[in-house]
Amino acid sequence: MVLHLKEISYKNGERIIEAIDEVRGLHAYIAIHNTTLGPALGGTRIYPYKQEEDAVFDVCRLAEGMSYKSALAGTGFGGGKSVIIADPTSHKTEDLLTAFAEAVHTLEGTYICAEDVGSTSSDMMIIRKNTPYVAGLAIKGGSGDPGRFTAYGVFQGLKAVAQKLWGTPSLYGKRVAIQGLGSVGARVAEFLFWEGAYLILSDIDYAKAVRLADLFHGEAVAPDEILATSCDILCPCAMGGIINERTIDSLNTLAVAGASNNQLLDMVTDGEFLLERGILYAPDYVINAGGVINVSHEMHPDSYNAQRALQDIDKINNTLLDIFTLAEQEKKTTSAMALALAKKKITDQVGKREGKPFFPTCD
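In short: position in the sequence shown from 1, add 40, done, that's the numbering used here.
Calculated directly from the structure, the hints in this document are not laboratory data.
Heads up, a few of these hints could be off.
In silico lysine-lysine, BS3-like type, Cα no more than 27 Å apart, as pairs [what the hints assert, rightly or not]:
(1) 51 - 392
(2) 396 - 384
(3) 355 - 51
(4) 46 - 169
(5) 383 - 51
(6) 199 - 169
Beta-carbon label-pair distances, calculated as ranges [claimed, not checked]:
(7) 205 - 284: 46 to 54 Å
(8) 371 - 47: 36 to 44 Å
(9) 348 - 51: 31 to 39 Å
(10) 88 - 162: 26 to 34 Å
(11) 401 - 316: 47 to 55 Å
(12) 210 - 369: 24 to 32 Å
(13) 284 - 209: 44 to 52 Å
(14) 270 - 355: 28 to 36 Å
(15) 387 - 255: 26 to 34 Å
(16) 245 - 392: 24 to 32 Å
(17) 347 - 46: 41 to 49 Å
(18) 247 - 88: 15 to 23 Å
(19) 341 - 162: 43 to 51 Å
(20) 63 - 236: 48 to 56 Å
Everything numeric in this text was worked out from a predicted model, so none of it was measured.
By construction, the Cβ of each residue, glycine as well, lies at the ideal position given by its N, Cα and C atoms.
Please work from the sequences and hints to get the whole structure.
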(Lines of atoms letter the chains of each structure in order from A; the text may use other names.)
(Lines give C-alpha, C1' and ligand atoms only; values in the text may rest on other atoms or scores of the structure.)
Protein backbone atom coordinates (compact mmCIF):
# COMPACT_ATOMS: atom_id res chain seq x y z
CA MET A 41 0.00 0.00 0.00
CA VAL A 42 1.62 3.23 -1.17
CA LEU A 43 0.13 6.65 -0.62
CA HIS A 44 1.29 9.20 -3.19
CA LEU A 45 1.08 12.90 -2.34
CA LYS A 46 1.56 15.69 -4.84
CA GLU A 47 1.40 19.46 -4.43
CA ILE A 48 -0.56 21.17 -7.20
CA SER A 49 -0.98 24.82 -8.14
CA TYR A 50 -3.45 26.90 -6.10
CA LYS A 51 -3.48 30.49 -7.34
CA ASN A 52 -5.97 31.89 -4.80
CA GLY A 53 -4.96 29.94 -1.72
CA GLU A 54 -2.05 28.49 0.22
CA ARG A 55 -1.79 24.90 -0.99
CA ILE A 56 -3.56 21.91 -2.52
CA ILE A 57 -2.47 18.34 -1.95
CA GLU A 58 -3.53 15.54 -4.29
CA ALA A 59 -3.55 12.17 -2.52
CA ILE A 60 -3.68 8.91 -4.46
CA ASP A 61 -3.54 5.34 -3.18
CA GLU A 62 -4.55 3.02 -6.00
CA VAL A 63 -4.54 -0.11 -3.84
CA ARG A 64 -6.94 1.33 -1.27
CA GLY A 65 -9.01 3.23 -3.83
CA LEU A 66 -8.21 6.76 -2.70
CA HIS A 67 -8.14 9.78 -4.96
CA ALA A 68 -8.55 12.95 -2.93
CA TYR A 69 -7.72 16.64 -2.87
CA ILE A 70 -7.08 18.70 0.28
CA ALA A 71 -7.21 22.47 -0.16
CA ILE A 72 -5.93 24.92 2.43
CA HIS A 73 -7.14 28.37 1.47
CA ASN A 74 -6.06 30.59 4.37
CA THR A 75 -4.57 29.98 7.82
CA THR A 76 -4.12 33.59 8.94
CA LEU A 77 -6.59 33.18 11.81
CA GLY A 78 -5.77 29.57 12.67
CA PRO A 79 -5.51 26.04 11.27
CA ALA A 80 -7.75 25.31 8.30
CA LEU A 81 -10.97 23.60 9.35
CA GLY A 82 -13.41 22.14 6.84
CA GLY A 83 -15.39 19.05 5.98
CA THR A 84 -14.54 16.06 3.83
CA ARG A 85 -16.88 15.69 0.87
CA ILE A 86 -17.17 12.25 -0.75
CA TYR A 87 -18.68 12.55 -4.19
CA PRO A 88 -18.34 10.77 -7.57
CA TYR A 89 -17.02 13.70 -9.59
CA LYS A 90 -17.07 12.95 -13.30
CA GLN A 91 -13.77 14.73 -13.94
CA GLU A 92 -10.76 15.55 -11.79
CA GLU A 93 -11.13 19.20 -12.81
CA ASP A 94 -14.59 19.29 -11.24
CA ALA A 95 -13.19 17.99 -7.95
CA VAL A 96 -10.41 20.59 -7.92
CA PHE A 97 -12.84 23.39 -8.77
CA ASP A 98 -15.18 22.30 -5.98
CA VAL A 99 -12.54 21.88 -3.29
CA CYS A 100 -11.04 25.30 -4.06
CA ARG A 101 -14.39 27.11 -3.85
CA LEU A 102 -15.39 25.21 -0.72
CA ALA A 103 -12.08 25.94 1.02
CA GLU A 104 -12.36 29.64 0.21
CA GLY A 105 -15.90 29.73 1.57
CA MET A 106 -14.67 28.12 4.79
CA SER A 107 -12.12 30.91 5.27
CA TYR A 108 -14.87 33.53 5.10
CA LYS A 109 -17.29 31.44 7.16
CA SER A 110 -14.83 30.98 10.01
CA ALA A 111 -13.71 34.61 9.87
CA LEU A 112 -17.23 36.01 10.16
CA ALA A 113 -18.18 33.49 12.84
CA GLY A 114 -15.06 34.24 14.88
CA THR A 115 -14.07 30.59 15.35
CA GLY A 116 -10.32 31.14 15.43
CA PHE A 117 -9.83 28.82 12.48
CA GLY A 118 -8.87 29.24 8.86
CA GLY A 119 -10.44 27.77 5.77
CA GLY A 120 -9.85 24.41 4.18
CA LYS A 121 -11.75 21.56 2.58
CA SER A 122 -11.17 18.10 1.20
CA VAL A 123 -12.92 16.02 -1.43
CA ILE A 124 -12.65 12.31 -2.09
CA ILE A 125 -13.60 11.19 -5.58
CA ALA A 126 -15.83 8.19 -4.83
CA ASP A 127 -19.45 7.12 -4.66
CA PRO A 128 -20.21 7.17 -0.92
CA THR A 129 -22.90 4.52 -1.34
CA SER A 130 -20.69 1.92 -2.99
CA HIS A 131 -16.99 2.83 -2.95
CA LYS A 132 -16.48 4.14 0.59
CA THR A 133 -14.41 1.60 2.53
CA GLU A 134 -12.41 1.58 5.74
CA ASP A 135 -9.23 1.18 3.69
CA LEU A 136 -10.08 4.29 1.65
CA LEU A 137 -10.79 6.34 4.78
CA THR A 138 -7.60 5.07 6.41
CA ALA A 139 -5.53 6.15 3.41
CA PHE A 140 -7.21 9.56 3.52
CA ALA A 141 -6.46 9.86 7.24
CA GLU A 142 -2.78 9.22 6.52
CA ALA A 143 -2.83 12.03 3.96
CA VAL A 144 -4.42 14.42 6.48
CA HIS A 145 -1.85 13.44 9.09
CA THR A 146 1.05 14.47 6.85
CA LEU A 147 -0.22 18.06 7.02
CA GLU A 148 0.56 18.09 10.77
CA GLY A 149 -2.60 19.86 11.90
CA THR A 150 -2.63 22.67 9.36
CA TYR A 151 -5.86 21.06 8.08
CA ILE A 152 -8.57 19.55 10.29
CA CYS A 153 -11.30 17.49 8.62
CA ALA A 154 -14.93 16.95 9.60
CA GLU A 155 -18.18 15.54 8.26
CA ASP A 156 -19.63 16.82 4.99
CA VAL A 157 -21.73 15.62 2.06
CA GLY A 158 -21.14 11.90 1.60
CA SER A 159 -19.30 11.41 4.90
CA THR A 160 -20.65 10.62 8.35
CA SER A 161 -19.71 10.80 12.01
CA SER A 162 -18.85 7.09 11.80
CA ASP A 163 -16.43 7.86 8.96
CA MET A 164 -14.79 10.51 11.12
CA MET A 165 -14.25 7.91 13.83
CA ILE A 166 -12.43 5.67 11.34
CA ILE A 167 -10.27 8.59 10.25
CA ARG A 168 -9.60 9.44 13.91
CA LYS A 169 -7.92 6.06 14.41
CA ASN A 170 -5.08 7.28 12.21
CA THR A 171 -4.87 11.01 12.93
CA PRO A 172 -6.02 13.36 15.70
CA TYR A 173 -6.83 16.10 13.19
CA VAL A 174 -10.56 15.38 13.03
CA ALA A 175 -13.58 17.25 14.41
CA GLY A 176 -17.25 16.37 14.90
CA LEU A 177 -16.57 13.17 16.80
CA ALA A 178 -19.28 11.11 18.47
CA ILE A 179 -17.26 10.55 21.64
CA LYS A 180 -17.12 11.92 25.15
CA GLY A 181 -15.86 15.46 24.76
CA GLY A 182 -16.86 15.48 21.10
CA SER A 183 -19.72 17.32 19.42
CA GLY A 184 -21.07 14.60 17.14
CA ASP A 185 -23.01 15.15 13.93
CA PRO A 186 -22.68 18.85 12.98
CA GLY A 187 -25.75 18.71 10.72
CA ARG A 188 -28.19 19.44 13.55
CA PHE A 189 -26.28 22.57 14.49
CA THR A 190 -26.04 23.70 10.87
CA ALA A 191 -29.82 23.29 10.60
CA TYR A 192 -30.40 25.27 13.79
CA GLY A 193 -28.18 28.07 12.49
CA VAL A 194 -30.06 28.14 9.18
CA PHE A 195 -33.31 28.39 11.13
CA GLN A 196 -31.94 31.39 13.03
CA GLY A 197 -30.85 32.91 9.73
CA LEU A 198 -34.31 32.41 8.24
CA LYS A 199 -35.70 34.41 11.13
CA ALA A 200 -33.32 37.23 10.20
CA VAL A 201 -34.57 37.07 6.62
CA ALA A 202 -38.16 37.28 7.89
CA GLN A 203 -37.23 40.27 10.04
CA LYS A 204 -35.77 42.04 7.03
CA LEU A 205 -38.66 41.22 4.70
CA TRP A 206 -41.66 41.61 7.00
CA GLY A 207 -40.43 43.41 10.12
CA THR A 208 -40.93 40.35 12.33
CA PRO A 209 -38.86 37.18 12.88
CA SER A 210 -41.98 35.04 12.66
CA LEU A 211 -42.17 32.54 9.78
CA TYR A 212 -45.73 31.52 10.59
CA GLY A 213 -47.69 30.94 7.40
CA LYS A 214 -44.73 31.72 5.14
CA ARG A 215 -44.13 29.47 2.15
CA VAL A 216 -40.63 28.01 2.37
CA ALA A 217 -39.34 25.81 -0.46
CA ILE A 218 -36.51 23.49 0.62
CA GLN A 219 -34.27 21.92 -2.01
CA GLY A 220 -32.51 18.88 -0.55
CA LEU A 221 -33.67 16.86 2.45
CA GLY A 222 -30.46 15.39 3.78
CA SER A 223 -29.17 15.63 7.34
CA VAL A 224 -29.54 19.43 7.29
CA GLY A 225 -32.50 20.08 4.99
CA ALA A 226 -34.81 17.62 6.76
CA ARG A 227 -33.99 19.18 10.11
CA VAL A 228 -34.60 22.69 8.79
CA ALA A 229 -37.99 21.46 7.59
CA GLU A 230 -38.83 20.22 11.08
CA PHE A 231 -37.81 23.50 12.71
CA LEU A 232 -39.99 25.37 10.22
CA PHE A 233 -42.93 23.02 10.76
CA TRP A 234 -42.97 23.79 14.47
CA GLU A 235 -42.69 27.48 13.60
CA GLY A 236 -45.88 27.22 11.52
CA ALA A 237 -44.37 27.69 8.06
CA TYR A 238 -45.91 26.03 5.00
CA LEU A 239 -43.33 23.67 3.49
CA ILE A 240 -42.68 22.87 -0.16
CA LEU A 241 -40.16 20.05 -0.27
CA SER A 242 -37.94 18.54 -2.95
CA ASP A 243 -35.20 15.94 -3.06
CA ILE A 244 -33.57 13.72 -5.67
CA ASP A 245 -35.21 10.94 -3.65
CA TYR A 246 -38.75 12.03 -4.51
CA ALA A 247 -40.31 9.39 -2.25
CA LYS A 248 -38.52 10.99 0.69
CA ALA A 249 -39.90 14.41 -0.26
CA VAL A 250 -43.41 12.96 -0.41
CA ARG A 251 -43.00 11.23 2.95
CA LEU A 252 -41.78 14.37 4.72
CA ALA A 253 -44.39 16.53 2.99
CA ASP A 254 -47.07 14.23 4.37
CA LEU A 255 -45.49 14.34 7.82
CA PHE A 256 -45.26 18.14 7.86
CA HIS A 257 -48.57 18.75 6.03
CA GLY A 258 -46.83 20.48 3.12
CA GLU A 259 -46.33 19.53 -0.51
CA ALA A 260 -43.67 17.76 -2.54
CA VAL A 261 -42.40 18.92 -5.92
CA ALA A 262 -40.02 17.31 -8.39
CA PRO A 263 -36.32 18.30 -8.29
CA ASP A 264 -36.55 20.06 -11.65
CA GLU A 265 -39.46 22.21 -10.44
CA ILE A 266 -38.29 23.44 -7.04
CA LEU A 267 -36.32 26.51 -8.18
CA ALA A 268 -39.28 27.96 -10.09
CA THR A 269 -41.81 27.17 -7.36
CA SER A 270 -43.74 30.14 -6.00
CA CYS A 271 -42.61 30.73 -2.42
CA ASP A 272 -41.63 33.39 0.07
CA ILE A 273 -38.19 31.91 0.76
CA LEU A 274 -36.18 29.45 -1.32
CA CYS A 275 -33.96 27.37 0.98
CA PRO A 276 -31.24 25.48 -0.95
CA CYS A 277 -29.88 22.59 1.12
CA ALA A 278 -28.28 20.43 -1.59
CA MET A 279 -25.27 21.00 -3.85
CA GLY A 280 -23.84 24.39 -4.82
CA GLY A 281 -23.94 26.52 -7.95
CA ILE A 282 -27.72 26.35 -8.33
CA ILE A 283 -28.18 30.14 -8.36
CA ASN A 284 -26.74 31.25 -11.68
CA GLU A 285 -27.42 33.23 -14.83
CA ARG A 286 -29.52 30.37 -16.22
CA THR A 287 -31.75 29.87 -13.16
CA ILE A 288 -32.17 33.34 -11.64
CA ASP A 289 -34.80 34.47 -14.16
CA SER A 290 -36.97 31.51 -13.22
CA LEU A 291 -36.89 32.15 -9.46
CA ASN A 292 -40.27 32.98 -7.98
CA THR A 293 -39.27 33.96 -4.46
CA LEU A 294 -38.58 36.97 -2.23
CA ALA A 295 -35.40 35.53 -0.74
CA VAL A 296 -32.77 32.83 -1.09
CA ALA A 297 -31.51 31.52 2.24
CA GLY A 298 -30.31 28.00 2.85
CA ALA A 299 -27.64 25.57 3.95
CA SER A 300 -25.89 24.77 0.66
CA ASN A 301 -22.31 25.91 0.21
CA ASN A 302 -21.50 28.10 -2.80
CA GLN A 303 -25.12 28.65 -3.80
CA LEU A 304 -24.08 31.39 -6.22
CA LEU A 305 -22.14 30.03 -9.19
CA ASP A 306 -20.47 33.44 -9.43
CA MET A 307 -20.33 35.32 -6.14
CA VAL A 308 -20.21 38.72 -7.85
CA THR A 309 -22.43 38.64 -10.92
CA ASP A 310 -25.08 36.31 -9.55
CA GLY A 311 -25.35 38.45 -6.42
CA GLU A 312 -25.94 41.44 -8.67
CA PHE A 313 -28.57 39.57 -10.70
CA LEU A 314 -30.46 38.73 -7.49
CA LEU A 315 -30.33 42.34 -6.35
CA GLU A 316 -31.65 43.52 -9.73
CA ARG A 317 -34.59 41.16 -9.34
CA GLY A 318 -35.26 42.38 -5.80
CA ILE A 319 -34.47 38.99 -4.25
CA LEU A 320 -32.83 39.11 -0.82
CA TYR A 321 -29.83 36.79 -0.50
CA ALA A 322 -28.52 35.44 2.80
CA PRO A 323 -24.82 34.72 2.08
CA ASP A 324 -24.41 30.99 2.45
CA TYR A 325 -21.18 31.04 4.46
CA VAL A 326 -22.95 33.19 7.06
CA ILE A 327 -26.26 31.38 7.41
CA ASN A 328 -24.80 27.86 7.29
CA ALA A 329 -22.00 28.44 9.81
CA GLY A 330 -23.69 26.59 12.67
CA GLY A 331 -21.88 23.33 12.02
CA VAL A 332 -18.38 24.76 11.93
CA ILE A 333 -19.13 26.94 14.95
CA ASN A 334 -20.17 23.84 16.85
CA VAL A 335 -17.17 21.68 15.92
CA SER A 336 -14.83 24.58 16.72
CA HIS A 337 -16.09 24.37 20.29
CA GLU A 338 -15.08 20.72 20.38
CA MET A 339 -11.46 21.90 20.28
CA HIS A 340 -11.91 24.38 23.14
CA PRO A 341 -9.31 23.91 25.93
CA ASP A 342 -12.09 23.83 28.54
CA SER A 343 -13.72 20.91 26.68
CA TYR A 344 -16.84 20.91 24.52
CA ASN A 345 -19.93 22.70 25.80
CA ALA A 346 -23.06 22.52 23.63
CA GLN A 347 -24.76 25.48 25.30
CA ARG A 348 -21.73 27.66 24.68
CA ALA A 349 -21.79 26.58 21.03
CA LEU A 350 -25.50 27.40 20.73
CA GLN A 351 -24.90 30.90 22.09
CA ASP A 352 -22.43 31.54 19.29
CA ILE A 353 -24.74 30.01 16.67
CA ASP A 354 -27.52 32.35 17.81
CA LYS A 355 -25.29 35.23 16.67
CA ILE A 356 -25.89 34.22 13.04
CA ASN A 357 -29.19 36.10 13.22
CA ASN A 358 -27.60 39.43 14.13
CA THR A 359 -24.68 38.95 11.74
CA LEU A 360 -27.11 38.58 8.85
CA LEU A 361 -29.18 41.57 9.94
CA ASP A 362 -26.00 43.66 10.09
CA ILE A 363 -25.02 42.53 6.58
CA PHE A 364 -28.49 43.31 5.22
CA THR A 365 -28.37 46.80 6.75
CA LEU A 366 -24.82 47.61 5.65
CA ALA A 367 -25.43 46.34 2.13
CA GLU A 368 -28.46 48.57 1.82
CA GLN A 369 -26.64 51.60 3.25
CA GLU A 370 -23.60 51.15 0.99
CA LYS A 371 -25.68 50.11 -2.02
CA LYS A 372 -23.87 46.78 -2.31
CA THR A 373 -25.10 43.25 -2.77
CA THR A 374 -25.30 41.22 0.42
CA SER A 375 -22.77 38.78 -1.05
CA ALA A 376 -20.28 41.58 -1.71
CA MET A 377 -20.85 43.04 1.74
CA ALA A 378 -20.27 39.71 3.49
CA LEU A 379 -17.13 39.11 1.43
CA ALA A 380 -15.73 42.54 2.26
CA LEU A 381 -16.35 42.05 5.99
CA ALA A 382 -14.78 38.59 5.97
CA LYS A 383 -11.67 39.70 4.08
CA LYS A 384 -11.20 42.67 6.41
CA LYS A 385 -11.33 40.38 9.46
CA ILE A 386 -8.70 38.14 7.91
CA THR A 387 -6.48 41.07 6.91
CA ASP A 388 -6.79 42.70 10.33
CA GLN A 389 -6.39 39.31 12.04
CA VAL A 390 -9.58 39.79 14.04
CA GLY A 391 -10.25 36.67 16.11
CA LYS A 392 -6.84 35.13 15.44
CA ARG A 393 -6.33 31.95 17.44
CA GLU A 394 -4.03 32.02 20.42
CA GLY A 395 -2.57 28.61 21.13
CA LYS A 396 -3.14 25.28 19.42
CA PRO A 397 -6.54 23.55 19.20
CA PHE A 398 -7.35 20.86 21.73
CA PHE A 399 -8.27 17.43 20.36
CA PRO A 400 -10.38 15.11 22.56
CA THR A 401 -9.03 11.60 23.02
CA CYS A 402 -10.86 8.47 21.89
CA ASP A 403 -10.81 6.25 24.99
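* **Violated hints, by number in ascending order, as checked against the structure** => 3, 6, 7, 10, 13, 15, 16, 19
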